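Enquirer: Numbering (the numbering used here), first residue to last: 1 to 357.
Derived from the structure by calculation, the hints contain no laboratory data. Incorrect hints may have been included.
Claimed, not checked - Simulated pairs of lysine to aspartate or glutamate, DMTMM-like, Cα-Cα distance not exceeding 20 Å:
(1) K248 with D221
(2) K6 with D169
(3) K6 with E69
(4) K248 with D296
(5) K35 with D54
(6) K248 with D323
(7) K6 with D183
(8) K35 with D183
(9) K35 with D169
(10) K248 with D220
(11) K35 with E125
(12) K35 with D104
(13) K35 with E69
(14) K6 with E63
(15) K248 with D325
(16) K248 with D225
(17) K6 with E83
(18) K6 with E135
(19) K248 with D351
(20) K248 with E170
(21) K6 with E39
(22) K35 with D90
To be verified - What follows is a list of derived Cβ distance ranges for each label pair:
(23) T129 with D221: 31 to 37 Å
(24) D104 with P294: 39 to 45 Å
(25) P80 with S266: 25 to 31 Å
(26) G217 with P250: 36 to 42 Å
Remember, predicted model here, so these are calculated numbers, not experimental data. C-beta atoms are modelled at their ideal positions from N, C-alpha and C, and glycine is treated no differently.
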Amino acid sequence: MSSTVKCLVWDLDNTLWQGTLLEDGEVVVDDSIRKIVIELDSRGILQSVCSRNDHDFAWARLEALGLAEYFVLPEIGWGPKSEAVRRIADTLNFALGTIAFIDDQPAERAEVTYHLPEVACYPAEAALTLTDLPEFTLARSTVDSRRRRQMYQAGFRRDTERAGYGGTDEDFLRSLGLVLRIDQATDEQLSRVEELTLRTSQMNATGVHYSDEALRGLMDDPHHDVLVASLTDRFGPHGAVGVILIEKYPDVWHLRLLATSCRVVSFGAGAVLLAWLADQAARSGAHFLADFRPTDRNRMMEIAYRFAGFDDEPCQCRGSLADPDSPDIQRLHVTPQTWDGPTTMRLDATDLTPATR
């Protein structure tokens, strides 16, 4: 398996715990398995449950074992496990290739593999080796990765409130007290920036993944800014949700990379970032070019660019830049306009205009 696992889905009977709940009642979890669950959680890998059991009985046992808090979107019932795994992936908005499934029953693993061939399946006896496998190993641990589960759980509470909200979507966003902060990347933030470019495919404008070393080199380049966007609201922090790599010259600004977390698409964070960048370019008297490479997963990013006014029209400013590194990269253009700011969130952003640089 080559993809980094974002979510591991556990079977319960004879996999997470020892024994069959409906037969044995007092099933137990071995300390070694408990340590695996806690370690995966600390690495920012979400975990869920897919089990043939009575939901209330099984969830009560997980709570009694002190493990319920570690699992999101539990699927405990009697339907096909492939359907349950797909629902988990869809709700998380994760590609199936980033989902893993562990079960002691070969037939259950085969059923998931048949319907969801992208999902990696592991036998129960592999549980103790998961943390040694490359797909479950992050290059480094970050503040955001260590609290990823809590951020998703806050997101589910936020979604529940949104579903019951009686006003417009715009009014609901205002009610959240959203604050979007945009800063120059720091040494401490760089690991999260690298992680974001590695984990984000749907909202990565070019599909390019920048290493820590490459980003550090660009931070020291006077023509480049490496920026990090973070979002908070009254439910808590969303963490770092966007990374921007921009190359700046007097007559043209070149957006080499914009990657945002899929979790904040519905909050309009990507549109705000593009509008803010265009505003900064306009105030600097520069045209604005953005690299975009279409992939099978980033259609939403293309829509965001087009909605922001980017097009393929010719402009003499294009001659200020070297040709794209790859022939499949499109270089989109906009003549930027100044902007009054967002209406659904507070923006706290660094100033990129030359007067302050």
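Enquirer: Next step is simple, just say for each hint if it's right about the structure.
Expert: Checked hints:
no., hint, in the structure
1, K248 with D221, "holds, 11 Å"
2, K6 with D169, "violated, 29 Å"
3, K6 with E69, "holds, 17 Å"
4, K248 with D296, "violated, 29 Å"
5, K35 with D54, "violated, 26 Å"
6, K248 with D323, "holds, 16 Å"
7, K6 with D183, "violated, 27 Å"
8, K35 with D183, "violated, 36 Å"
9, K35 with D169, "violated, 41 Å"
10, K248 with D220, "holds, 14 Å"
11, K35 with E125, "holds, 15 Å"
12, K35 with D104, "holds, 19 Å"
13, K35 with E69, "holds, 14 Å"
14, K6 with E63, "violated, 23 Å"
15, K248 with D325, "holds, 17 Å"
16, K248 with D225, "holds, 8 Å"
17, K6 with E83, "holds, 18 Å"
18, K6 with E135, "holds, 9 Å"
19, K248 with D351, "holds, 13 Å"
20, K248 with E170, "violated, 33 Å"
21, K6 with E39, "holds, 14 Å"
22, K35 with D90, "violated, 28 Å"
23, T129 with D221: 31 to 37 Å, "violated, 42 Å"
24, D104 with P294: 39 to 45 Å, "holds, 42 Å"
25, P80 with S266: 25 to 31 Å, "holds, 29 Å"
26, G217 with P250: 36 to 42 Å, "violated, 23 Å"
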